[in-house]
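Chemist: Based on the sequences and whatever the hints tell you, model everything.
Here is how the chains run, residue by residue.
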Amino acid sequence: MRLGKLYSPDEIVRDFHDGQTLVLGGFGRYGNPENLIDLCIESKARHLTVIKLNISEPGYGEAKLISEGVVDKIITSHMNYNKEAMSLYEAGKLEVEFCPMGTIAERLRAGGAGIAAFYVQTGMGTGIEKGKDIKEFDGKKYMMETALTGDVALVRSRVADPLGNLAYHGTNENSNPLVAMNNSTLTIADPDMILEIDEIGIDKIATPGVYLDKILEM
Amino acid sequence: MRLGKLYSPDEIVRDFHDGQTLVLGGFGRYGNPENLIDLCIESKARHLTVIKLNISEPGYGEAKLISEGVVDKIITSHMNYNKEAMSLYEAGKLEVEFCPMGTIAERLRAGGAGIAAFYVQTGMGTGIEKGKDIKEFDGKKYMMETALTGDVALVRSRVADPLGNLAYHGTNENSNPLVAMNNSTLTIADPDMILEIDEIGIDKIATPGVYLDKILEM
Amino acid sequence: MDFSQMDPREFIARKIAEYLPPGTVVNLGVGIPTRASDYTKEGVWVQAENGILGIGPHPEPGIRRVESYRNASGEAVIPVRGACTFDVELSFGMMRSGRVDTTVLGALQVAQNGDLANWTMPGRSPGMGGAMDIVSGVKRVIVATRHCNKDGVPKIVKECTYPLTGIRVVSLIITEYCVFDIVDEHLVLLEKREDISLEKLKEITDAPFDVSPDCKTMTVEV
Amino acid sequence: MDFSQMDPREFIARKIAEYLPPGTVVNLGVGIPTRASDYTKEGVWVQAENGILGIGPHPEPGIRRVESYRNASGEAVIPVRGACTFDVELSFGMMRSGRVDTTVLGALQVAQNGDLANWTMPGRSPGMGGAMDIVSGVKRVIVATRHCNKDGVPKIVKECTYPLTGIRVVSLIITEYCVFDIVDEHLVLLEKREDISLEKLKEITDAPFDVSPDCKTMTVEV
Chain A
1 MRLGKLYSPD EIVRDFHDGQ TLVLGGFGRY GNPENLIDLC IESKARHLTV
51 IKLNISEPGY GEAKLISEGV VDKIITSHMN YNKEAMSLYE AGKLEVEFCP
101 MGTIAERLRA GGAGIAAFYV QTGMGTGIEK GKDIKEFDGK KYMMETALTG
151 DVALVRSRVA DPLGNLAYHG TNENSNPLVA MNNSTLTIAD PDMILEIDEI
201 GIDKIATPGV YLDKILEM
Chain B
1 MRLGKLYSPD EIVRDFHDGQ TLVLGGFGRY GNPENLIDLC IESKARHLTV
51 IKLNISEPGY GEAKLISEGV VDKIITSHMN YNKEAMSLYE AGKLEVEFCP
101 MGTIAERLRA GGAGIAAFYV QTGMGTGIEK GKDIKEFDGK KYMMETALTG
151 DVALVRSRVA DPLGNLAYHG TNENSNPLVA MNNSTLTIAD PDMILEIDEI
201 GIDKIATPGV YLDKILEM
Chain C
1 MDFSQMDPRE FIARKIAEYL PPGTVVNLGV GIPTRASDYT KEGVWVQAEN
51 GILGIGPHPE PGIRRVESYR NASGEAVIPV RGACTFDVEL SFGMMRSGRV
101 DTTVLGALQV AQNGDLANWT MPGRSPGMGG AMDIVSGVKR VIVATRHCNK
151 DGVPKIVKEC TYPLTGIRVV SLIITEYCVF DIVDEHLVLL EKREDISLEK
201 LKEITDAPFD VSPDCKTMTV EV
Chain D
1 MDFSQMDPRE FIARKIAEYL PPGTVVNLGV GIPTRASDYT KEGVWVQAEN
51 GILGIGPHPE PGIRRVESYR NASGEAVIPV RGACTFDVEL SFGMMRSGRV
101 DTTVLGALQV AQNGDLANWT MPGRSPGMGG AMDIVSGVKR VIVATRHCNK
151 DGVPKIVKEC TYPLTGIRVV SLIITEYCVF DIVDEHLVLL EKREDISLEK
201 LKEITDAPFD VSPDCKTMTV EV
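Chains A, B, C and D are the protein sequences, given in the same order. Residue numbers for the first sequence, in this note's numbering: 1 to 218. Residue numbers for the second sequence, in this note's numbering: 1 to 218. Residue numbers for the third sequence, in this note's numbering: 1 to 222. Residue numbers for the fourth sequence, in this note's numbering: 1 to 222.
In short, the hints are calculated from the structure, not lab data. Please note that the accuracy of each hint is not assured.
Unchecked claim - Listed below are the simulated BS3-like cross-link pairs for lysine-lysine, each with C-alpha atoms no more than 27 Å apart in a straight line:
| no. | chain 1 | residue 1 | chain 2 | residue 2 |
| --- | --- | --- | --- | --- |
| 1 | C | 139 | A | 140 |
| 2 | B | 214 | B | 73 |
| 3 | B | 130 | A | 140 |
As the list claims (entries may be wrong) - Non-contacting residues of chain C with respect to chain A, defined by C-beta distances greater than 12 Å in every case (computed):
| no. | residue |
| --- | --- |
| 4 | 5 |
| 5 | 9 |
| 6 | 19 |
| 7 | 39 |
| 8 | 41 |
| 9 | 43 |
| 10 | 60 |
| 11 | 62 |
| 12 | 146 |
| 13 | 154 |
| 14 | 190 |
| 15 | 193 |
| 16 | 201 |
| 17 | 219 |
A quick note: this is a predicted structure, and the numbers were derived from the prediction, not measured. Just so you know, even glycine gets a beta-carbon here, dropped at the ideal spot from N, CA and C.
Modeler: Written as structure tokens, this is what we have:
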């Protein structure tokens, strides 16, 4: 772990490449790493796969990437708020893999916690268990779900320090801690504020800096 | 969820009964719910099973229960610091189930997160995988471990409010958040301080009150 | 009072609040259920899957800005005293492990046996969101929905034809016309609005139902 | 300098610190490895499984009281600037997922192929603690141990006879007499104390070893 994880937009823009899988923090329209998404657009990277809890309405977060036409595939729990994405999906121009929201969250956590797979009851009997490994525990059936990671994880935080320590605020926290610790190849934070080391406070750090590779300094 | 989760020692002492499985927060000698352990001793409950990350030296936490002779079985990762427990174990007077520390932590979390089982690499090839379900992911072998819960979970926290919201401090946090959310039948906190509602601060609450049934008020 | 002039969604939201006694920890689904947080009794704890326990009312327009607290529909909300926020992992774990007492969800179809379909129908599949997670773990599932869909087709059915969200999970149905209890895979009418006849209600309800001997006239406090 | 008067555990702890370059995130096992946190270079991040990243030196006796920060051995430690604490779940997840670069652990036996046995032996089995978790996830495993056990029996062996903690995980061995690299399941001597002869070292080392052409005289800074 090193100091000096602060990078300029010009440097970060070079981290995005064709064909990458992006793991994105946020919940719908809120708590998205908007500056990093803008840099991804600026990079002209195409054929991206996006993993996010739920897709925002147009104009925010990954919805901006979808509007740019640079997303080939989405793994999410729903796209209810985004007619544009729904149209592309229904026209066969966008591949979508739906997964229950809590299961996506748990799969992201598993990726970052060295857990290869786990068993949940969510969705048993609805048909989504088809093709999955089913096991019975205490007389109830569970399906196996596997860990999920990506190439680049983009995290929105309230604050960051140069070591990559992060803290969140309010419901903008949502999936960001999971995405930060998800063990994607490269993990970048998009903080509202950058503080000096020790300014966040030892008890208030929610994500230890060891998980972060880079911090965007605007 | 209700207000008025504060209970006196006289009330809490009645929650302990013969044959219960106790899930205990703490790491060795530190961060143990000492007051609750003392009440458990006072209750004269016997034939207890104790689940704890690692056993303390005599005089602290579950070691006090062991000295009282009220523990029949322990699930832990090690008892290196406790000669008394080792002697009882070696004399066949104490049943011990050893499990790697990180795996115990993960099993406690699974219990509280609605996860029935999960796959880890920890200990593969050492022999502890014998009799366990083995699966290969990405060419590496993992063993299945199952969720762990108990009858009574005892949690040490720095602060609590009457709703059961908890916050921790320093390395006394250790396994306490896991034990608090472990979904044991009854979960009781042993806080250093009890604050009014809203005094902990919305961003500083580490364990939401919904997990806690009772708070010990000394 | 004449409720025919009240927005039916508003009526349903107020009725939901009546069925949540103080002490209940409740997850309110997107849409009509979310509105109930404006009317819940003191001591009801509203949880949302995006990571908050203790959602209070929506802010008064123009009175204050709420930047950091949103419900699962993305609406600004004011946390109650003692509220806390957390990440989505803890939020769903809380629900899967049974720490949330009740959920109120919308429906595309709900069957007399408690089956719920609320995520996909022929020609439109926007994803299941968190609904499957929620119904698999939360102890009591209430459906709150308009009685019929936009085309006037009954949503309360003998058997769901759309893909399911949960199997035999629903225990109570609240619409703008009535409240149904589900007992042994059968509907029992608990409340009925005065401005709809029993005959009309049977017409717009695809499943048969019994009328409870204690069946009440359905009103809401305003 | 004559190191024969220095406590061998102290000598090993100082040597460990030399092998941890700035930027390393390291988990130090109970016993001798833990002592290394008093000597680590600036920019080394010491993590402990009880939930802290950024362990600094042990406090000076009588100078201050450290109530809330402990390492995994239970010793009071002073956090460095930028340190943070967390729960045990995150701590082990951090290690299992490869976010900790190096661990330094004690050993009962370590074999030339990198096998490690450090938790149980005939007649004494106090439990594996966190060692299996740590070696399964941390990228580089260093063993730091007395060269022989209390009875003078070599700990560095051709093949472990005690139950294993990890299979082919160890890449470096540090004792009070020497440092061995493990290359292709074979020991290579990197450093040797002046006050022990090569013959004597071979005698107290059960496994064969090569001597690196760059083999150095083993000293530590004091």
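Chemist: Would you pick out the hints that fail for this structure and give their numbers low to high?
Modeler: Nothing - there is no hint that the structure violates, so all of them hold.
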